[in-house]
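A.B. asks: Per this note's numbering, the sequence shown starts with residue 1, numbered consecutively.
If you are wondering where the hints come from, they were derived from the structure by calculation, not from laboratory data. Any given hint might turn out to be false.
Said to hold, decoys possible - Using 30 Å as the maximum straight-line C-alpha spacing, the simulated DSSO-like pairs for lysine-lysine come out as follows:
(1) K24 x K10
(2) K24 x K44
(3) K7 x K20
(4) K24 x K7
(5) K44 x K20
(6) K24 x K13
(7) K20 x K10
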Amino acid sequence: LPNGLPKGRKLIKGAHLFEKIHGKDPYLMVNYLTQFHGGTTAYKLTEIA
Numbered sequence: 001l002p003n004g005l006p007k008g009r010k011l012i013k014g015a016h017l018f019e020k021i022h023g024k025d026p027y028l029m030v031n032y033l034t035q036f037h038g039g040t041t042a043y044k045l046t047e048i049a
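Let's have the full structure, built from the sequences with the hints guiding it.
C.D. replies: Here you go:
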């Protein structure tokens with residue numbers, strides 16, 4: 001993966017790859033909305049032919 005990083009970036013500690021590269025949790029807002037506004041992240045995909 002080091003060859004795929006943007007120039008000048010290093011992997012830092014984090015739970016997700018985006019967080020390790022950019023230092024930001026990509027799921028922060030999703031988790032907030034789920035917790036405080038009754039949404040869900042559990043979806044079922046149905047294929048439509």
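A.B. asks: Does each hint fit the structure? Answer for all of them.
C.D. replies: Evaluation of the provided hints:
In summary, the hint linking K24 to K10 is supported, as the alpha carbons are separated by about 14 Å, within the 30 Å threshold. Simply put, K24 and K44 have alpha-carbon atoms about 27 Å apart, close enough for the 30 Å limit, and the pair holds. A distance of roughly 15 Å separates the Cα atoms of K7 and K20; the hinted pair therefore holds under the 30 Å criterion. With a C-alpha separation of about 18 Å, the suggested pairing of K24 with K7 holds against the 30 Å cut-off.
Taking the CA atoms of K44 and K20, the gap is about 28 Å. The hint holds against a cut of 30 Å. At roughly 11 Å between alpha-carbon atoms, K24 and K13 fall within 30 Å of each other, so this suggested pair holds. This hinted pair checks out: K20 and K10 have alpha carbons roughly 8 Å apart, not beyond 30 Å.
Going down the numbered hints, you'll see the structure goes against none, and every one checks out.
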